[in-house]
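Engineer: Letter by letter, the chains look like this.
Number of protein chains: 2
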Amino acid sequence: MKGEIITVGTELLLGQIVNTNACYLSEQLAGLGVDVYYTSTVGDNPKRLREVIALGWQRSDLIILTGGLGPTMDDLTRETLADFLGLELILDTSVLANLRCLFASRGRKMTRNNIKQAYFPAGAQVLPNPNGTAAGMMLEKEGRIMVLLPGPPFEMVPMFENEVIPRLEGLLVGHRQVIKSRILKLYGIGESYLETVLQPLLEKQENPTLATLAKKNEMHLRLTAKADLLEEAQGLLAEMETVIRHLVGQYIFAADEETMEGAVGRLLLEKGMTISVAESCTGGLIGHRLTQVPGSSAYFNYGVISYSNEAKQNLLRVDPRLILQYGAVSGQVAEAMAIGVRELGPTSLGLAVTGIAGPGGEGPDKPVGLVYVALATGNKTYLEKNNLRGPRQVVKNRASQVALNYVRRYLQGYLDG
Amino acid sequence: MKGEIITVGTELLLGQIVNTNACYLSEQLAGLGVDVYYTSTVGDNPKRLREVIALGWQRSDLIILTGGLGPTMDDLTRETLADFLGLELILDTSVLANLRCLFASRGRKMTRNNIKQAYFPAGAQVLPNPNGTAAGMMLEKEGRIMVLLPGPPFEMVPMFENEVIPRLEGLLVGHRQVIKSRILKLYGIGESYLETVLQPLLEKQENPTLATLAKKNEMHLRLTAKADLLEEAQGLLAEMETVIRHLVGQYIFAADEETMEGAVGRLLLEKGMTISVAESCTGGLIGHRLTQVPGSSAYFNYGVISYSNEAKQNLLRVDPRLILQYGAVSGQVAEAMAIGVRELGPTSLGLAVTGIAGPGGEGPDKPVGLVYVALATGNKTYLEKNNLRGPRQVVKNRASQVALNYVRRYLQGYLDG
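Chains R and A, in that order, give the protein sequences.
Residue numbers for the first sequence, in the working numbering: 1344 to 1760.
Residue numbers for the second sequence, in the working numbering: 1344 to 1760.
In case anyone wonders, no lab produced these hints; they're calculated from the structure.
Model, not experiment: these values are computed from the prediction.
Do not take every clue at face value.
[To be verified] Output of the computed footprint for chain A on chain R, the stretches with three or more beta carbons under 8 Å from beta carbons of chain A:
hint : stretch
1    : 1352 to 1362
2    : 1379 to 1389
3    : 1549 to 1558
4    : 1645 to 1652
5    : 1687 to 1699
Backbone N, C-alpha and C define an ideal beta-carbon position, used for all residues, glycine too.
Construct the entire structure; sequences and hints are all you get.
Structural biologist: The structure is reproduced here in structure tokens:
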């Protein structure tokens, strides 16, 4: 079944709100096994809305429209659809009675224009809206299914889940398969290199399909399997994941919803270890990310943001001669910071970052993006030099990702490999 | 001029990412005076992509496409567009040289499939991408303008701002009125109260128009003026801003692009003061935000993330009896943290935050969202108790906003008012 989503509203075309409905409905339809090939947005304009509906009618089996069901003059979706389908709008007296009751219970006066919300194209099923005055509707004609829902997500989402999904599932019986996805998240590997390594898998992909996605600070691999049963789809995914892990396992830091900081926290908990951080150029971002994870107080004790040289000396006991000789952004100072922060308290690991976030660099040897990461473990102190690219805020973000990934690699035994 | 936005990517149709590009571009084009009537999303499928491009070509003057410019086999936007327009793809040797240089500087191997990113339809202007390997392009043909940009927003946005807007502005001269907006950012005032205070302005609005927008951690007021000349529009905005500042000035922390942390930094610089932070529940977020601002090393010296009680005692010299008697989340401990962090080094202000981010609270007196903010100035220590709502990450965000706004209010003289 081919699906299409049409979101209606001039506010969407003005960029005043992000179109989360298209995203939500796309995901839901994918889960139901409906192939969504197109989504469009159009304003509250009857001529252009009619064109977009006509196009959907030509190329899709299931069309979901959101928006334009309100009581105002702008709201024209019901009228435009009825007109396009050549259907009369008929008053639904039970919806009207509900509306009257709703207004009475809120102590508000019902205006004349609210009455139009009780009119539906002949033959439509009414979809009740527990959170607003705009009821939705669903109708089947000439082999197509049209669904109209209100635009506000807090009204649309429960209606889709409670009213639309059960009806669609009835219609889709026998027509659909389970679609299940798995996201593997990688860091430290480029998209084109990843693709070269996975070339054989990418070329012969059928089921599961495999796609690479470049995200802000990481690469995602999306595996999507289709099958008649969930277990079957999961089996196909697990099989392909095994092959991928064999090829690029050391770059995979997490899967699905887990974040880098979540993975680091999980590994620390598994090993019964704690961590503390000394941050210069990241300015607190690593501590912030570690403490985004609920329960992080079990493994995160403290941090020092040593932005100035004095702070490195006074709070982390970095030897001022090191700073003088090598500069604050140097491997020597990074190691001293890591050891210094570890010695401030009882903690297993001391992680330190010093670098140049920009906008200005410090000469040819110390350009923007030069970032040292050091990890003191008590037995040994590990050090990595990185050249990161981008403006200030991007360098900070990348530096935090490099540093957390460094801890992840240490905890998984890759640093001594 | 009629504009249209086409976002390309199967991941958008699967609902795996929210389409923020369509929103951003819609807003930008509205600001340029371009009427956007349609936006569409289509997958990485050459047949369907070609159909959508053909439709845009029929009905719009300016078509902006994002996505599908990557190096992989999936990425087909450049090829599909060139094919639709009947244009040959031609190697741009300077782009290729840049790519080689980029890969060399990162110490990565450039693969064969990256080379396709150096090919452009004949006659296209190349739009450089400082944050990635996918250069964009712009071309004019038969009275239409087509723009292709990469999909990742951190690449697309700077390219749109630096490369596309100046070119479009040149093309739009004479066709349009000036539309100029001004955003006033407020904190500590609710939307409905703000609307009540501004009721007269909101009711009789014509030019400038006035809209309230509830953002994540702040309220925005958007003033939009139309005029023939820029100076005229700016005059209208300034006039309305004066009235608004008269009514709610103490809640306004910044305007336009300036952030809360930017405003705090600006005020510190103006007064020649420095700040240091002691963070418990915010975990480093305040330090991170302060250091997002270029040049923040001039006023931000250091911070301590005192997540555990031991860290509060050992690093900030908080009297352990205070923690025992009042608990780590208390006004007494917040004040001791603020004084403690201020005394660690030469700094004008010590800012401290302690609170409960959740998910678990600590009994009826200490629910999730209880956050104390203290500011030690040497002469006096200010304290504020807040009850913030939301899950963990929201509480952390709000706590950082409350704390920075507290410093802003101190620096503007509102705390002693």
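Engineer: Test coverage of the stretch 1549 to 1558 of chain R by chain A using CB-CB distances below 8 Å; three residues minimum.
Structural biologist: holds (count 5)
Engineer: Within the stretch 1687 to 1699 of chain R, is the number of residues with a Cβ closer than 8 Å to a Cβ of chain A three or more?
Structural biologist: This one holds; 3 residues, not fewer than the three required, reach chain A with a Cβ under 8 Å.
Engineer: Are there three or more residues in the stretch 1379 to 1389 of chain R whose C-beta lies closer than 8 Å to some C-beta of chain A?
Structural biologist: holds (count 9)
Engineer: Given as covered by chain A, does the stretch 1352 to 1362 of chain R meet the bar of three residues or more with CB within less than 8 Å?
Structural biologist: Check passed, 8 qualifying residues.
Engineer: Can the stretch 1645 to 1652 of chain R be counted as covered by chain A under the rule of three residues or more with Cβ-Cβ separation shorter than 8 Å?
Structural biologist: With 7 residues closer than 8 Å to chain A, the stretch 1645 to 1652 of chain R meets the three-residue bar; holds.
When held up to the earlier numbered hints, the structure conflicts with none and fits them all.
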